[in-house]
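As given, the protein sequences belong to chains G and C, one line each in that order. Under the numbering used here, the residue at position 775 of the first sequence is numbered 1366, and the numbers go up by one with no gaps. Under the numbering used here, the residue at position 10 of the second sequence is numbered 687, and the numbers go up by one with no gaps.
FYI, nobody ran anything at the bench for these hints, they're computed from the structure. Hints may be right or wrong, so weigh each one.
[Stated by the list, open to error] Interface residues of chain G toward chain C, partial, derived using beta-carbon atoms under 7 Å:
(1) P741
(2) S743
(3) R747
(4) Q786
(5) A1133
[As the list claims (entries may be wrong)] Okay, the calculated beta carbon distance ranges per label pair:
(6) G:D920 - C:A688: 44 to 54 Å
(7) G:R1454 - C:P843: 32 to 42 Å
(8) G:G1197 - C:D829: 18 to 28 Å
(9) G:D1437 - C:D829: 29 to 39 Å
(10) G:A1071 - C:R902: 36 to 46 Å
(11) G:A1009 - C:D890: 22 to 32 Å
Cβ coordinates follow ideal geometry from the N, Cα and C atoms, glycine included.
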Amino acid sequence: MRLDGQPGEVIHRGTPLTFTWNGRPYPAFAGDTIGSALAAAGERVFSRSLKYHRPRGLLTADGNDPGCLVQVDGEPNVRGAHRRVSAGMAVTAQGVWPSLRFDLKALNRLAGPALSTGFYYKTFIRPRRLWPYYERVLRRFSPGGRVPSPSSPAGRYEHRYAHPDVLVAGGGPAGMAAALAAAEAGARVMLVDDQPALGGHLRWGGPDGLAALAQLRAAVAAAGGIEVLTDSVVTGQYEGGLVAVVQHGLPGLTERLVKARPRQLVAAAGLIERPYVIAGNDLPGVMLSTAVRRLINLYAVRPGARAVVFTANDDGTAAAADLARAGVDVRRVVDARDGGDIVRVRGRGGVRAVECGDGSVVRCDLLVTAVGWTAPTGLLTMTGGRAAYRAGAARFVPTELPDGVLATGGLVGDGTLAELIGHGRAVGQAAARRAGRTAPASPVPDLVPAPHPELFAGRTNGFVDFTEDVSTKDLAAAVAEGYDSIELVKRYTTATMGPTQGKLEAVNTIAVVAAATGRGIPETGTTTARPPYAPVSLGALAGRNYQPVRRSPMHDWHVAHGATPLVAGAWIRPDHYGDPAGEVRAVRQGVGIIDVTPLGKFELRGPHIPDLLELLYVNRWRKLAVGAVRYGVMCTEDGVVFDDGVTGRLGEHRYLLTATSSGAEAVGEWLERWLQTERAHWRVHVVPMTDAYASINVAGPRSRELVRRLTTGIDLSPEAFPYMRVRLGEVAGVPDCVVWRIGFTGELSYELHVPAGNGLRVWEALLATGVDLGVRPFGVEAQRILRLEKGHLVVGQDTDGLTQAYSAGLDWAIKMDKDDFVGKPELAWQRVRDGQVVLVGLQPADPELVPPESSQLVEGDRRIVGRITSSRFSPTLDRSIALGFVAPDLAEPGTVVTMLLPDGRRLPARVMPQLAHVDPEGKRLHG
Amino acid sequence: MKLRRSLPRPARYSGFGLLRHALGGAPWPPVWRRHDLRDRYDVVVIGGGVHGLATAYYLAANHGVNNVAVLERGYLGGGASGRNTAIIRSNYLTPEGVAFYHRSVRLYESLAADLNFNVMFSQRGHLTLAHTDSALRTMRWRAEVNKLQGVDSSLVGRSEIGSLVPHLDVSDRPRFPILGGLWHPPGGIVRHDAVVWGYARGADAAGVHLHQDTEVVGIDVTGGRVQGVRTNRGRIAAPAVVACTAGWASTVCDLAGVALPITTFPLQAAVTEPVRPFLDTVVVSGTRHVYVSQTDRGELVFGAAVDPFPSYSSRGSLEFTEGVAAHVLELMPALAPVRILRQWAGLCDMTPDFSPVMGPTPVEGFYVDVGWGTYGFKAGPVAGETMASLVATGKTPDLIAPFDLARFTDGRLVGERGAAAVGH
Ligand SMILES: Cc1cc2nc3c(=O)[nH]c(=O)nc-3n(C[C@H](O)[C@H](O)[C@H](O)COP(=O)(O)OP(=O)(O)OC[C@H]3O[C@@H](n4cnc5c(N)ncnc54)[C@H](O)[C@@H]3O)c2cc1C
């Protein structure tokens, strides 16, 4: 029922709206949560519990409320007591059948005792073949909402990066004071709170609190340098001081993940009120003191008609006063400090009466409990902080803070408003100082947890974990069965593993387990806190889900000139310009140019480069002279070919290393891994240069002529610039180019690495200058044909995760007499072992037939003796050609093998004397 | 190998048992008991994960060796066995790997009945996606090899994938569209804790002593023979010691002076809030570095490849969940509002050839069952069975002969990189 205007209410009575709950329209005001609007309309049941399908209502009336997880349109598991309603929202109950009110699954309650914790481990064992059917039934009872249908429109998510000096997590009085003090010292502050407005418990704490809150809010608004993020949750603190914040409620955005790297984090997350564990404690109508105070003071909702209040602290007393003011008939206040207790809550669909410790029974529809607080220390302990149990205060408190973190407010201790603000200010100043600002070094006053009776579970069996339906009895049974450490109990009963992540239940769980084991709370200990601190949507984590596309500086030119695009890892490359065979002929007969920018490039600097190369490549590097380039093969420790490429020595301590386009990223990690973890004393700097250079290969018998026309300062004569050499100079007026003479295609060729900004200029200059030479651009397809004609293997295509270097025909590159290199022990063995498959050149007997790659080579009916790894039609030879693996006894040149094509045909092919189909002697290359 | 019939049994678990206990109110007997340390055991197993417990269980169950202690420095299953994503499959690439994992899948199929503990082995299929021509090429090859070895594994196209997992986006929209997949129907997931507890309960019933909170701090070796171990609770003499310590394999074997070619890498995982069942199969995408399955509780479980650098950290990183989310949403865009509830990391003992190290060591009586990397949970039963046989009989079973420690000095590596990098 809605009350008259409350001084601190956050609903906007001027903006009424309508939403639906289980298909029926309900009124609300802007500012209402789903839970408050439904409660105002007299609804009490919002969900059914996991196992027994017991009706559940509001318990905490905030984001941790286990009874108010609902489906909102396509979104499952929405915290209904936190999420604001909006017009037209379709809210439904989750996992009920056929309806929330009449839920047949509640029949589970009949089987109640048999569905004790872990029951599923003890049954459905035999007969085995029925388990899949049992499992289907179990799955039907799994909790949670529905994921959106595959076709539903996606939300909008994004990421933001922030570097505040100080990030304050929690916008209560202490957090606000800390932010203010830090800002006064000149720090840039980010102040984060999960509620729609700053204030913490002051928002619902009564008239004095409201006056103080108004002042604090005004001060925050007036202070320069405080960015306030409301409706935003700090979801974790990670290694290196990274703090994740998820922001909600931004216009046009579903959520935004803020990745902040504050110099200092101030944790000011306040306190979480704990439920009391007794029989019936999950009935709709059992609420925490903070819940009723929120309902009354923020949303002007009267939470019930007749109430019993069970309290062990002043907050319960304050709640009783709020209730009375709201016109609730407070039938009795049972005070634990005077020895009072409550034993059981009676009722079926909701609270009907409360049995008190003195034997009396009080009829009511609302039980309000105020039995103590939990400090949410998880944010601190997940990055190395520690917390310890204080029996006198009945809560865990932080005892050690992680580096770069300070704490204030309820998380630390209790005090008057002035004390909280004083502590917050001092901590804010300390944070600013630590962040490098000058602030007065006033001592941080003490803030100690107030004495509080230890009240966790009463005399009867009640629910400890509401979302998981775990009771006192279940925990005790688990302990008796031998699951007697807190981690085992948690895993066996799933207590604290539900959507509230144990924020509400963890301490009660520990207390109940401690009682069952007789070990005491400190010895029982806590379970490890793990990120995220609050659940985070996949959408927020993914952000815009930006899937980068890499393009070379010449990309637009390719598109404009009719290139067919090829998706090659992150890159889009020209596959061909309409006529790959013609492109091949141009290279063989005249000159062609290809954009090879995606080639992985790393500039290495430092005195230990030869050591690094010797270690990571199978071949030798020590004698590589300045001005020379060499082809190298890398293996992993199992001797498997990992990558290949050429590396040139540009100066005394300066090298340019290239890797395959697809392997570039892995090679970069590989270099860093060896340098950082295994050879940290070596002085080598690795700078990724893949994007910094545009790379162009100029290939063909007339390539020298073409390159000569455009270079200055480089003598291109074969004597001065022979095969496998590198020169630095100017190309097409562009200085600082690296030119090396190599030949993947088998033709005389030069590879130009041009500062990327000038890539297009050089590309166009080559084409313009070479018109009379017949220059043509060629694409990846032509390159693949050219290299196959030449018998050059492609790592990852002609090799796989099992291909060791000897199998790949790389014997000539492997230098076993080197001291050591990655993969050496394995290769030593491979060299002397028989039976290894061998990479060979193959030509199908039918020159028109191109066998699909991955076709198997077979013997007899089913015995696999090899497979085709690459195949193409060669325009140069006017016939089909291939590379493939064969068993060693079939590697003899001239052997005829049988190819089994995917379509089932079996056709012959001949093993060639060498891998190269064209120019095996390499005359064209050295010309 | 048949279970010996005469095994002492704990109170049997069954539907009737549940009812009887419910009505009678009698508590269940403990799944395992606590004991004082004996001065001497015939076999000491270090590590209370699935491997250590299965080894102890099969020693007692199959060979009648039950003067056995399992020493666990924390709680049972607190290592990788309690942190993994529990994917079970046998579509590996090498004949050695396939034979071994095939046997393990068979053991898993009868494990609930053998242990009288429902381990919830859920064979709802394992689907690996290909987003590139080359991945498709490799899969075609893997399927052919598997078929020849009697493993149910085949290449499937887009439309089949679409009907297996309706939430997968099989259109051309994604940056790396799905081109096809490798479908392995007997694959699936298991309730990992249940496997650990089931073995522990069986071992305890057969007389094995399970010692939690018991850390091995030294291994006594004289004259090239193991004599026993030293623990935080005292010294134990034992003629046979088996190290089943996964991520800590190097440090524990160091205590016996045995060097292993193992590097330890963290592997991360994450789980979401429960949602109604919509995903039956395990979905793996090597190109997108992610895999996902849905448990019977409705949670989605995510994993990826190991962290890029070796370390002993068991903390989760934001980069990991960001990456997983981005990749999962590429595959299944509708999952954007689903929330991650917990993330964690475990340690993986990686060998150079992505295959385990099992068998004797240069120290007589000291055996290892380590190097399980990211794929060892599915091997728990067969590893326990074969290690027990080795320790009890002194003969190395054929199934594990390829995985001995000596292969690193004899050059007989068993490469499984291609089949194990992301899929585990
Ligand atoms: C995130 C993640 C996901 C994974 N996913 C899969 C998967 O999907 N499928 C799959 O098959 N595998 C998977 N794995 C791998 C699998 O979990 C492990 O290979 C397997 O659990 C290893 O079992 P274990 O018993 O050998 O080791 P563990 O379970 O790690 O047990 C070793 C035990 O030894 C104890 N110990 C260590 N040192 C000492 C000492 N000095 N004294 C006493 N005790 C000691 C440890 O406390 C630990 O409990 C995954 C691993 C991780 C981390």
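Okay, the hints, checked on the actual structure:
{"no.": "1", "hint": "P741", "result": "5 Å, holds"}
{"no.": "2", "hint": "S743", "result": "6 Å, holds"}
{"no.": "3", "hint": "R747", "result": "9 Å, violated"}
{"no.": "4", "hint": "Q786", "result": "19 Å, violated"}
{"no.": "5", "hint": "A1133", "result": "4 Å, holds"}
{"no.": "6", "hint": "G:D920 - C:A688: 44 to 54 Å", "result": "52 Å, holds"}
{"no.": "7", "hint": "G:R1454 - C:P843: 32 to 42 Å", "result": "40 Å, holds"}
{"no.": "8", "hint": "G:G1197 - C:D829: 18 to 28 Å", "result": "53 Å, violated"}
{"no.": "9", "hint": "G:D1437 - C:D829: 29 to 39 Å", "result": "35 Å, holds"}
{"no.": "10", "hint": "G:A1071 - C:R902: 36 to 46 Å", "result": "42 Å, holds"}
{"no.": "11", "hint": "G:A1009 - C:D890: 22 to 32 Å", "result": "47 Å, violated"}
The structure fails to meet hints 3, 4, 8 and 11 from the earlier list, while all remaining hints are met.
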